[in-house]
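> Chain by chain, the residues:
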Amino acid sequence: MAHTPGSKQVENDIRNTYQWLEDRLPILSFINNSVGSNFMAPRNLNYMWNFGSLAGIALVLQILTGIFLAMHYKPDVAMAFDSIQHIMRDVNWGWLIRNMHMVGASFFFIVVYIHMARGLYYGSYKSPREVLWGIGVIIFLLMMATGFLGYVLPWGQMSYWGATVITNLLSVIPFIGQDIVVWLWGGYSVGDPTLNRFFVLHFVLPFVIVGIVILHIWALHEHGSNNPKGVDLKTKGDYIPFHPYYTIKDVFGLGVYLIPFTFMVFYAPEYLGHTDNNIPADPLVTPAHIVPEWYFLPFYAILRAIPIKELGVLAMFGAIAILLVLPWLDKHPVRSARFRPLYRPLYVLFLMNFVLLGWCGMMPPEGIYVLIAQAATAFYFGFFALLPILSKFEKAKPVPTSI
Amino acid sequence: MSQKPESHDVNDEVALGDVDAERRALLVNATAAFGIAGAACVALPFVSSMNPSRSVKAMATIDVNLTEIPEGEAKTFLWQGKPVFVWHRNAAQIEEARKGDATATLDPAKDADRVQKAEWLVVMGVCTHLGCVPMRGGEFGGWRCPCHGSQFDDSGRVRQGPAGTNLEIPPYRFLDDNTIRVG
Ligand code: HEM
Ligand code: FES
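Line order of the protein sequences matches chains A and B. Per our numbering, residue 1 is the first one in the first sequence, and the count goes up by one each step. Per our numbering, residue 1001 is the first one in the second sequence, and the count goes up by one each step.
Simulated from the structure, these hints should not be mistaken for laboratory data. No residue lacks a Cβ here, since even glycine has one placed at the ideal position from N, Cα and C. Please note that the accuracy of each hint is not assured.
To be verified - A few chain A residues facing chain B, derived, Cβ under 8 angstroms:
| id | residue |
| --- | --- |
| 1 | G186 |
| 2 | G191 |
| 3 | H289 |
| 4 | P365 |
Isolated chain B (complex conformation) (with noise of 0.2 angstroms):
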């Protein structure tokens, strides 16, 4: 191999006396705030390209026909590529519901605020630990989830973790009395 050329440095060759060091230092710092900031615009598009598009966010909604589902069982409807129970609860159940507003302390919050008629609950069948479709039963009237054991109550609260917050509500109205419009 080669013998290393001699050390060889621009600054050499000017007179440290001839440079402005604070005009040179605003111009470099100038220079790279711009260009950082140009890269970030110019990453923008690209970061943004994978959101989800317009065609994903067109399928926004769905119509449930509450007819086909008997007092007491729940339906699975698949709404943005996600479950959503609808579940057609009995007397009994909303009474269970309702006594767990006492009891259900790990995301407080009364049945009554979680539907909009006390026959119907609709929640979102994603856990709220990390994402898997719970299965009905457990010991607490409402679902388990397969995947790391959270329980779920007649009211969709969770009841024992790792998930730490309730199932979620989607947006819903009712469109008459036997359909709802999910989304």
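Isolated chain A (complex conformation) (with noise of 0.2 angstroms):
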């Protein structure tokens, strides 16, 4: 945007200092259009619009207590396990500041699977939304990668594991998968360049992340929030400003997250985690039983079900892909789910499926649990399969013409 430059009255009496900064950098009328009384938000969202600025605010938090951890950790095969020990045992409040990380890291995952549960369920995710769904997916895709290579850096059992679980993942693209691997470990096993180089990555991600969480609300202004009755807002009155009405309920909601999550750092920090990632990696020997993070679960089962190595990645990856281009396969004009009597149930049903997946992820590979992990990865496809027939067929129920 450029300005010609002299042809605009300007504020040069500093101690008029709002609009003296207004004049050089509009910053504050920046923050007052996006998050305060002149952003405009539908009247009528309800708690489940909660968890968008509450999964910011549990990124800012993990940022800032990694920023402390990386003071104290070493990113070194020698050390790294040891660092954490010093950590919990020495360092003053390190403890504090390491559990509120672990768990801050689960419970960030909780908010944002809640967040986009909404979404799925009041259908924010369709036009004009698509962009701002799609840039979502992509955060949670980055959130998954900062998750494993956090979880890489205590150099447990578990760490040690899941890395080359993980990084093997790779080694199914054709021709060149073998040589990705070896590249992406820096060796040829997961050993200490790979821990380093995850150090490195796990810091820079998250700023990453912010980058496009930044466009992510961008994309949002565009057309503004979604609303739990899906319809388009007509008039000045359907409208309330964000601030103060939507900040103070914000701040209501943050109140309530963290009963939870304090009782967490401080009753059971290690509920959420695995007891193996407390003994020392050794390459020699694999856990009897691994399991990923619990936030991994559902797709670490779809990934078994299938007793193909190239199927079994191939699904997996899919299984987050689909999300993508979910606004091209549900195309029916009704947004929210309250006015649509099959997608409604069906709905229900692939959540529960969902965290069906996610037990069987964290039960053995072995008999029934197989079976029950394939039928639970069809029924999760299906349900997307579904949505175009869906989208021709189902009858909505009358739709309000206003909020």
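Got two chains here, each in a separate frame; can you build the complex from them with the hints?
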């Protein structure tokens, strides 16, 4: 946005601070237009709309706790495990910072899963918000990468074997897969060069996520929030200013969120983790039962459900990639599931099935568990396959003309 | 905020007739091509820096003393950061492995082609699915993988997926009757 120099009246009295800064860098009005009283939001948003700002706060918390952890952590296979013990035992409040980072990662994923489920229910991915949704899927992918990289850092048994299994996923790429894996490792197995670069990447990716979150919010502001009724807003009375109405609601939501969060930090910091990660990494012995972090379990179950390596990996990545094309699979004109008598129960089944997949991912890969995982995988993809059919034939209930 | 500045395009100032469009297109394309090629050349050292360094490559061989492995048992050694299984097979196990020549259909291979001496099976202890270390056991005499349930027989051949290929055989040779060098 080039401005013709000198064409505009400029405040030169610095005592008129707001206008003085406005005329040089209009950052305050930018903030006010983005999350302040000049950003208008639908007046009927329910608590499901709290999770976006909660996710933002969770991200900031990870970055802050992470920076302080990084001041004491050593990315060297001979020292990594001990440096975590050092953080837990010797560093002042180190246990608190680490527990916040560990529990924070899990809670971040809980928040983002709810945020995504909200979008799925209210049709927030439909026109004109396809790009907003797509950017969200990319953030989700980056978060998974970051969480995976972070889990490697403590260099316990689960760290090491998780890293081995996940990096080997890339070996299915035809012809160059094996070379790519060696390139990623910087060796012939997961080792010191791997740990060192994973630490660097784990440090950098969250800042990349911040950048992409800014794009996400930019796309959001282009058309504003969707709402529980899923209908476009018509009159001025349909809106209320973001500040103070939603800022106060978000702060209240944050308070509620912090109750279970602090409870976990103080009383159950290891509950969502795995005890085997308190054993130092051993490249000669794979633990009898390896499981990834809980937030990967549904996708891990899909990987294992298919007994052919290439197809399993493809299905696992496909399970996430299919979210990118969701706006083109579901072309039903009604956004909100409230008015879709078929989509609504199907959606509930989809969520239950997703939890079931997570449970399968936790179980040993044998017998009945494999069969259940296969059925659940089929349903996962079946859901998406049904959407184009529903788009054609599902008769919606009467949709209100305004909120 | 200020009013929008009027649209202002350099092309407006030059009468279009003065432009040799073909020549301009050539120059633009050539500049872009050189720019991209240059960027690719600069990227190469950075990409390559992530590949195994010379010190990693230098740890390339190990010698294994075979006398410490009793008949019928397998031991694990670390080579290039990965486990290698050396199995001192007894007569019955060799017999089973040869019978498997006919039934190992996932990735068919003859046992005779997978060993240098029938008593010594040397394979990578790396599951060909996603790289876990298989444990002795399973239904086929060899190993089963704790991660996703692949199974391997007395010759290290895959018998049950998700792994699709046999345990790899590292390069090795007999230095004498009691020693092999891997790598
Ligand atoms: C998207 C945001 C982030 C996520 C999801 C995330 C996730 C994780 C996870 C799951 C762990 C393993 C926890 C454990 O078992 O101990 C971890 C460890 C770690 N992270 Fe992060 N992290 C994030 C941001 C950051 C940032 C911004 C930094 C540094 C600037 C950082 C530095 C570290 C360090 C040093 C460790 C190892 C110490 C430890 O294991 O407690 N993280 N992270
Ligand atoms: S790594 Fe062995 S079965 Fe997957």
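> It remains to establish, for every hint, whether it holds in the given structure.
The hints, checked one at a time:
1. Of the supplied interface hints, the one on A/G186 holds, with its beta-carbon coming within about 6 angstroms of a beta-carbon of chain B, less than 8 angstroms.
2. For A/G191, the shortest C-beta to C-beta distance to chain B is roughly 5 angstroms, which falls under 8 angstroms, so the interface hint holds.
3. Of the supplied interface hints, the one on A/H289 holds, with its beta-carbon coming within about 7 angstroms of a beta-carbon of chain B, less than 8 angstroms.
4. Contact between A/P365 and chain B, as hinted, is supported at the beta carbon level, the nearest pair being about 4 angstroms apart and thus within 8 angstroms.
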